[in-house]
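Participant: Chain residues, written in single-letter form:
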Amino acid sequence: MTLFYLFGAVAVVASLLVIAQRNPIYSVLLLIASFGALSGLYVLLDAPFVAVTQIIVYAGAIMVLFLFVVMLLNAPHEETEHDEKIHPLRRPGPMRFGAALAAVLVVELVWALTRAGGSEPSAFPVAEFQTVRMIGKSLFTDYAFPFEVTSLLIIVAMVGAVVLARREAVKD
Amino acid sequence: MSPTLNDYLLLSAILFAIGTAGVFVRRNLITILLSIEIMLNAVNLSFVAFGRSLGTADGQIIVFFVMTVAAAEAAVGLAIVIGLFRHRESLNPDTFRSLKW
Numbered sequence: 454m455t456l457f458y459l460f461g462a463v464a465v466v467a468s469l470l471v472i473a474q475r476n477p478i479y480s481v482l483l484l485i486a487s488f489g490a491l492s493g494l495y496v497l498l499d500a501p502f503v504a505v506t507q508i509i510v511y512a513g514a515i516m517v518l519f520l521f522v523v524m525l526l527n528a529p530h531e532e533t534e535h536d537e538k539i540h541p542l543r544r545p546g547p548m549r550f551g552a553a554l555a556a557v558l559v560v561e562l563v564w565a566l567t568r569a570g571g572s573e574p575s576a577f578p579v580a581e582f583q584t585v586r587m588i589g590k591s592l593f594t595d596y597a598f599p600f601e602v603t604s605l606l607i608i609v610a611m612v613g614a615v616v617l618a619r620r621e622a623v624k625d
Numbered sequence: 008m009s010p011t012l013n014d015y016l017l018l019s020a021i022l023f024a025i026g027t028a029g030v031f032v033r034r035n036l037i038t039i040l041l042s043i044e045i046m047l048n049a050v051n052l053s054f055v056a057f058g059r060s061l062g063t064a065d066g067q068i069i070v071f072f073v074m075t076v077a078a079a080e081a082a083v084g085l086a087i088v089i090g091l092f093r094h095r096e097s098l099n100p101d102t103f104r105s106l107k108w
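The listed protein sequences derive, respectively, from chains A and B. Per our numbering, the first sequence starts with residue 454, numbered consecutively. Per our numbering, the second sequence starts with residue 8, numbered consecutively.
Bound conformation, chain A alone (with noise of 0.2 angstroms):
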């Protein structure tokens, strides 16, 4: 249970702090903090093979593409500053009605879930030992398509990605 607290105290307050900050980088960072307390919570659910793919994938190489191309762009402080300063409800327009919607959700979901403990105590049953044999002998049978589909998903992520931040051809 301390372990519980531990780890969710540090990613509630790393992904605070990642939409606090005005310097991407920063962020960057604490979202890499934040996905490893993740990391940990999924070793509480006896979950080791989506630890560890949290920490490769996740960790290692989505937010290191998120710093690369912070760093490539070089702009961690652009005009946006000012607009930022303002409080989110005093924002013009279509922004408050965002944050007043973000604070709606949050009221929505805390509700239900607290409702939701009352009827039903649920607590985990003992675990049967998930190991990664149990998740690749059902990747490669029951979701061998939506496996196969996934490489599909990947070429043309890579290649969409490729055209759109190619620079233009020099026309002659």
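Derived by calculation from the structure, the hints in this document are not laboratory data. Using N, Cα and C, we set each Cβ at its ideal position, and we do this for glycine too. Hints are supplied without guarantee of correctness; some may be wrong.
Unchecked claim - Chain A stretches covered by chain B per the calculated footprint, using a threshold of three residues with CB under 8 angstroms from any CB of chain B:
1. 471-477
2. 483-492
3. 498-504
4. 511-525
5. 553-559
What the hints assert, rightly or not - Output of the computed footprint for chain B on chain A, the stretches with three or more beta carbons under 8 angstroms from beta carbons of chain B:
6. 454-465
7. 587-600
With chain A's structure known, arrange chain B on it following the hints.
Facilitator: Structure of chain B alone, referenced to chain A:
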């Protein structure tokens, strides 16, 4: 007393709400993409918690697929951000209103 399914779902809800607030409140394209990653991870946490609660590995497999989609989304999204930055020298989404109205 060990944490129950509801504790994990509550944590997941809090993280998802933080991500939503980030998308709505921040005016920086990179931070908005990071907020989307927070939301995806919140959903991943509830998938794993549900799978653990039902005693199957299916939740973890879906998390695997979500991660691949997140990787693809990050690659394409960041490429679009680079393209936009080249055109307007700005990361503020309010700068890009050509497709609005």
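Participant: Against this structure, judge whether each hint is valid.
Facilitator: Against the structure, the hints come out as follows:
no., hint, in the structure
1, 471-477, "holds (count 4)"
2, 483-492, "holds (count 4)"
3, 498-504, "holds (count 5)"
4, 511-525, "holds (count 8)"
5, 553-559, "holds (count 5)"
6, 454-465, "holds (count 5)"
7, 587-600, "holds (count 6)"
Consistency with the previously given hints is maintained throughout, with no hint failing.
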